[in-house]
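Given next are the chains, with one letter for each unit.
2 protein chains.
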Amino acid sequence: MASGTGASTHVIPAEALLQHWQGHRRLTRRTIEAFPEEQLFRFSIGSMRSFGAMALELLAIGEPLVRGVATGEWDESFTREERPKEEILGLWDDSTARIGALWPRIPPERFDETMTAFGKYPGRAYDLLLYAIDNEIHHRGQGYVYLRALGIEPPPFYERE
Amino acid sequence: MASGTGASTHVIPAEALLQHWQGHRRLTRRTIEAFPEEQLFRFSIGSMRSFGAMALELLAIGEPLVRGVATGEWDESFTREERPKEEILGLWDDSTARIGALWPRIPPERFDETMTAFGKYPGRAYDLLLYAIDNEIHHRGQGYVYLRALGIEPPPFYERE
Chain A
1 MASGTGASTH VIPAEALLQH WQGHRRLTRR TIEAFPEEQL FRFSIGSMRS FGAMALELLA
61 IGEPLVRGVA TGEWDESFTR EERPKEEILG LWDDSTARIG ALWPRIPPER FDETMTAFGK
121 YPGRAYDLLL YAIDNEIHHR GQGYVYLRAL GIEPPPFYER E
Chain B
162 MASGTGASTH VIPAEALLQH WQGHRRLTRR TIEAFPEEQL FRFSIGSMRS FGAMALELLA
222 IGEPLVRGVA TGEWDESFTR EERPKEEILG LWDDSTARIG ALWPRIPPER FDETMTAFGK
282 YPGRAYDLLL YAIDNEIHHR GQGYVYLRAL GIEPPPFYER E
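Chains A and B supply the protein sequences, listed in that same order. By my numbering, the letter at position 147 of the first sequence is numbered 147, and the numbering carries on one by one without gaps. By my numbering, the letter at position 114 of the second sequence is numbered 275, and the numbering carries on one by one without gaps.
Bear in mind the hints are in silico, worked out from the structure with no lab data behind them. Because the structure is a prediction, the values reported are computed rather than measured. Any given hint could be a false lead.
Capping the alpha-carbon separation at 20 angstroms, the derived lysine to aspartate or glutamate pairs in DMTMM-like fashion look like this [unchecked claim]:
hint	chain 1	residue 1	chain 2	residue 2
1	A	K120	B	E198
2	A	K120	A	E73
3	A	K120	A	E76
4	B	K281	A	E159
5	B	K281	B	E320
6	B	K246	B	E198
Here chain A is said to cover these stretches of chain B; the calculated rule only asks that three of the stretch's residues, wherever they fall, bring their Cβ under 8 angstroms from a Cβ of chain A [said to hold, decoys possible]:
hint	segment
7	187 to 196
8	239 to 249
9	307 to 313
We put the CB at the ideal spot given by N, CA and C, even for glycine.
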C-alpha cells in the first residue's frame, strides 16, 4: 500500500495520540456536563438516540478497547442502562484515568498488529483506536446540535485542556 | 512529556493517516450528496450554520493545510461563497486528489515540527492535521443530525470505501 517518500514511516508518537484523545475526552466530559439532567436521556432530534445513550456507547467502547489492545482481554461487561448525569461523569473520569494507565502498557509494535476487537471488529490496532476517537468526535458533534436546539451554548471545540 | 515504555515511539504510518483521512473524505462527500440541493445552504438547527457553510469551511482548511505543511505556502485564497451542490462536490473531489498528491511530499520528520498554520495557528504538524480531520468529523456529525431532522437517512458511519 505504501509508495513515495517516507510513505511507511510512522509519524505520530504513541504518547501524543493518547494526549490527543485525552484532550477530546475532556471536551466530551464538558459536553455531557452541559446537558440539563432531565434532557440527557430524553432530548433527541429526528428519532436519533439521546446524548446520554451515545455517552454510554462511548463508555462501552473507549476503555474496553484500550484494555483489549493492551492485554488481549476484551471486556464487554459494561451495561448501557440509563444513569444520573453525575454517575455518567464519574464513570467517564474513571475510564479516562484507566485509559491513561493502560496506554503505556501497549507495546509500540502492537499498534501495527491486526486483531479482532471484541471478537467482531477486525483491524490494525491504530485503526481501531482511531475509530473509537472518531466515533466520540462524531457523537459529540451531534450532542452540540442537541445543545444548540435546547438553547445552550456548547463548550468551545478548540479548547482541549 | 513522554514517560513509560515506548512512549515516544511513533505508531501511525504517514500513508495510513492519509488513507484514514481519505476514508473520512469519502464519507463526508456522501453526506454532502445526501442533502437536497435546496436545503444544503438553508437548513439549520438552533441558529447554527448550514451544512453547506460547514462544507466550505472544510474546503478552506483541508487542502490548504496539507499544502502548507508540505510546501510552507499558506494559501487562504479560497472564498466561502455559496455554490450549487454539484460545484461543492467537484471542489471536494479536486481537494481530495490534491491532498493525495501533496501528502507524499511531506518529509517524515516534518510531522513532528512545530509551525504556525496560516500565520495564526501554532502547533506540531501532526496535531494540526489531526485537528483538520477532527473538525471534519465534528461538522459531519452535525450534518447527520440535520439529515435526520429532514427525514433523510445519513450514510453509514463505518463505511469508508
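Quick rundown of the hints versus the structure:
With a CA separation close to 38 angstroms, the supplied pair K120(A) and E198(B) exceeds the 20 angstroms bound. Among the hinted pairs, K120(A) with E73(A) is consistent with the structure: their alpha-carbon atoms are about 13 angstroms apart, no more than 20 angstroms. Between K120(A) and E76(A) the CA atoms are separated by roughly 12 angstroms; this keeps the pair inside 20 angstroms, and the hint holds. About 16 angstroms separates the Cα atoms of K281(B) and E159(A), which keeps this hinted pair within 20 angstroms; it holds.
Note on K281(B) and E320(B): the hinted pairing is violated, with a Cα-Cα distance of about 34 angstroms set against a maximum of 20 angstroms. For the suggested pair K246(B) and E198(B), the alpha carbons sit about 6 angstroms apart, so the restraint of at most 20 angstroms is met. Residues of the segment 187 to 196 of chain B lying with their CB closer than 8 angstroms to a CB of chain A number 0, which falls below the three-residue condition for coverage. A stretch counts as covered by a chain when three or more of its residues have a beta carbon under 8 angstroms from one of that chain; for the segment 239 to 249 of chain B and chain A the count is 0, and the coverage is violated.
Here's how the segment 307 to 313 of chain B fares: 6 of its residues keep a CB closer than 8 angstroms to some CB of chain A, so the rule of at least three is met and the hint holds.
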